[in-house]
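So the sequence lines, in the order shown, correspond to chains A and B.
Residue numbers for the first sequence follow our numbering, so the first one is 1 and each next one is one higher.
Residue numbers for the second sequence follow our numbering, so the first one is 1 and each next one is one higher.
Quick caveat, the hints were computed from the structure, so don't treat them as lab data.
Here a beta-carbon is modelled for each residue, glycine too, at the ideal position from N, C-alpha and C.
Please note that the accuracy of each hint is not assured.
Examples of chain A residues toward chain B, derived with CB under 10 Å [claimed, not checked]:
| no. | residue |
| --- | --- |
| 1 | Tyr25 |
| 2 | Gln38 |
| 3 | Tyr39 |
| 4 | Pro40 |
| 5 | His43 |
| 6 | Phe72 |
| 7 | Asn94 |
| 8 | Phe96 |
Take a look, some chain A residues computed to stay more than 12 Å from chain B by CB distance [claimed, not checked]:
| no. | residue |
| --- | --- |
| 9 | Leu13 |
| 10 | Leu46 |
| 11 | Lys49 |
| 12 | Gln82 |
| 13 | Arg100 |
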Amino acid sequence: AQSVSQHNHHVILSEAASLELGCNYSYGGTVNLFWYVQYPGQHLQLLLKYFSGDPLVKGIKGFEAEFIKSKFSFNLRKPSVQWSDTAEYFCAVNDFMDMRFGAGTRLTVKP
Amino acid sequence: ETGVTQSPTHLIKTRGQQVTLRCSSQSGHNTVSWYQQALGQGPQFIFQYYREEENGRGNFPPRFSGLQFPNYSSELNVNALELDDSALYLCASSSPGIGGRGTDTQYFGPGTRLTVL
């Protein structure tokens, strides 16, 4: 069974700093990849997803992620974070059998 | 807001009891997935229902069972509750994507917080 690792438990940044959150998975076959976000007091919602094609995918609110198959990675990036990006971020991998989530990374953006 | 609703919001039970959690899927969605999210962890997949049949199951014992109804709403039942069952239970609805199973975007409800004493 696959596993999903998010390297950072809690990241603290100042506004306008660049963000990169790491995500690695263990499954070697074909997978679909997702990043979900949970803002304080809100539901989990989709940021972006990758199924096939261009490995650089763009999502909502200026987020993007790059799929690097050789590294089994799907890192999330944003060039300049805002205070409103404070949230918990979850990477998820679907291998067509089930959906596995990482433990999450809490992002705190200081104004 | 996603259109996925769950009830109840909070629930307190004691060990050995049984519990039923409910989920109404977003309009137009025929697939419901259930997840358990323990404190400080990511959601863990329990099972998925598609058109009223179980369509995949995670590593959970048989005392976790479910149902999906013709209107695509769903129930999660947990028998013989244990202390470790205390968690947030999330329901997510979706429709199979063009690429088939596994490509759908899941829309999550607010969850039911279950506490087992």
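| Hint check, His43/A versus chain B [nearest Cβ-Cβ separation less than 10 Å] | It holds, given that the least Cβ distance between His43/A and chain B is near 5 Å, below 10 Å.
| task | Would you check whether Tyr25/A satisfies its interface hint, that is, whether its CB is within less than 10 Å of any CB in chain B? | result | violated (12 Å)
| Residue hint Asn94/A, partner chain B, criterion CB-CB below 10 Å | Where the cut-off is 10 Å and the nearest Cβ of chain B is about 4 Å from Asn94/A, the hint holds.
| query | Gln82/A clear of chain B by more than 12 Å, beta carbon to beta carbon? | reply | holds (22 Å)
| With a cut-off of 10 Å, does the beta carbon of Gln38/A approach a beta carbon of chain B closely enough for the hint to hold? | holds (9 Å)
| request: Determine whether the non-interface label on Arg100/A survives the test: each CB of chain B must be over 12 Å from its CB. | output: Label violated. Min Cβ-Cβ 7 Å, cutoff 12 Å.
| Cut-off 10 Å, beta-carbon criterion: hint that Pro40/A touches chain B | violated (13 Å)
| task | Please confirm whether Leu13/A is truly not at the interface, meaning its C-beta sits more than 12 Å away from all C-beta atoms of chain B. | result | holds (21 Å)
| Does the no-contact call for Leu46/A survive, Cβ to all of chain B over 12 Å? | Non-interface label on Leu46/A violated, nearest chain B Cβ at 5 Å vs cutoff 12 Å.
| Is the hint on Phe96/A kept, meaning its closest Cβ partner in chain B is under 10 Å away? | holds (4 Å)
| field | Supplied contact hint for Tyr39/A, tested at 10 Å Cβ to chain B | value | Check failed: Cβ of Tyr39/A comes no nearer than 12 Å to chain B, outside 10 Å.
| task | Against chain B, does Lys49/A hold up as non-interface, every C-beta pair farther apart than 12 Å? | result | About 7 Å separates Lys49/A from the closest Cβ of chain B, which leaves it inside 12 Å; violated.
In this structure, the earlier hints numbered 1, 3, 4, 6, 10, 11 and 13 are contradicted, and the remaining ones agree with it.
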